[in-house]
Amino acid sequence: MTASLLVKPDLSPAAAQVHRITPESAGWRYVGFEVFDLHPRQRLEREISEREQCLVLLSGRASVSVDGQAFGAIGTRSSPFDGKPFAVYAPARSQLILEAQTRCELAVCSAPAEGRFPPRLIRPDDVGEEVRGAGTNTRYVRNVLPASAAAEGLLVVEVLTPGGHWSSYPPHKHDSDQGGETQLEEIYYHRLARPGGFAFQRVYTDDRTLDETMTVEDRDVVLVPRGYHPVSAAHGFDLYYLNVMAGPVRRWQFTTAPGYEFLTRRS
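Take any residue in the sequence shown, count from 1 to its spot, add 420: that is its number in the working numbering.
No lab work stands behind these hints, which were simulated from the structure alone.
Be aware that a few hints might be false.
[What the hints assert, rightly or not] Restraint ranges, calculated between C-beta atoms of paired labels, are given here:
#1 G584 with S498: 20 to 28 Å
#2 F537 with R449: 18 to 26 Å
#3 Q521 with Q489: 17 to 25 Å
#4 D626 with S498: 27 to 35 Å
#5 S424 with G503: 26 to 34 Å
#6 R536 with G492: 24 to 32 Å
#7 S498 with E637: 16 to 24 Å
#8 G535 with S498: 31 to 39 Å
#9 F537 with G679: 23 to 31 Å
#10 R449 with E637: 23 to 31 Å
#11 G616 with R543: 28 to 36 Å
Glycine is no exception: its CB is placed at the ideal position from the N, C-alpha and C atoms.
Make the full structure from the sequences, and use the hints.
Written as structure tokens, this is what we have:
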């Protein structure tokens, strides 16, 4: 793995594309990720090849069609912290057209696929919610594209972590196909509810051949090619992150770090 695990956004005024992460740039095989800032009437048009895509409307409103199937104008959030999202699933070998109706922040998640499932709209009511953890390990999860939903490789989830809390904790990993674990690459796209805030994320392996602790600011991406990857949000600054995962098997099964199992039993 030669790519930096911390990827900064392109926030220059002329940039519509804030992030573009490909398997090649990340140094892995499966997950791709893009973020767009779109102004009203700006369009995103693309022919999708051998990858499925999940478009998550982080904020704003846009009209979307896939292969001529129009989903109308979707989106009700003013920020990622404002309720559950609208999303669109676009299969491999499809044509996508999106036009912003208002200022929009759009995430495009992708993974290799053959085009086995039709396009569909994912409404907020389709997004399951759950609370994980307890005490200062409590966080709130929105399952946008879980393993139970039709897709070939992608898993997509939103997580809200209150300021002062831990998340992706106890530390866990999913980088092996042994011991009931599944091998999944993962991306974190971080947003802070207030300007000037930060979070910490550590990515490390048992043998410490990978061990990086990063100060994460608003709109940063963290790549998790392997290892444990806990997150801590600074007090007073609620944290949102969008998780994108994919690998050889579309199942999320993980191993908790040695010495932390007691926290799993407690929560």
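Results of checking the hints against the structure:
1. G584 with S498: 20 to 28 Å: With a Cβ separation near 24 Å, G584 and S498 satisfy 20 to 28 Å, so the hint holds.
2. F537 with R449: 18 to 26 Å: 21 Å, holds
3. Q521 with Q489: 17 to 25 Å: 18 Å, holds
4. D626 with S498: 27 to 35 Å: 42 Å, violated
5. S424 with G503: 26 to 34 Å: Check passed, 33 Å falls within 26 to 34 Å.
6. R536 with G492: 24 to 32 Å: At roughly 25 Å between Cβ atoms, G492 and R536 fall inside 24 to 32 Å, so the hint holds.
7. S498 with E637: 16 to 24 Å: 21 Å, holds
8. G535 with S498: 31 to 39 Å: Since G535 and S498 have Cβ atoms about 34 Å apart, the given range 31 to 39 Å holds.
9. F537 with G679: 23 to 31 Å: Given a distance of about 41 Å, which is not inside 23 to 31 Å, the answer is violated.
10. R449 with E637: 23 to 31 Å: Given a distance of about 28 Å, which is inside 23 to 31 Å, the answer is holds.
11. G616 with R543: 28 to 36 Å: Between G616 and R543, where Cβ atoms are some 34 Å apart, the hint holds.
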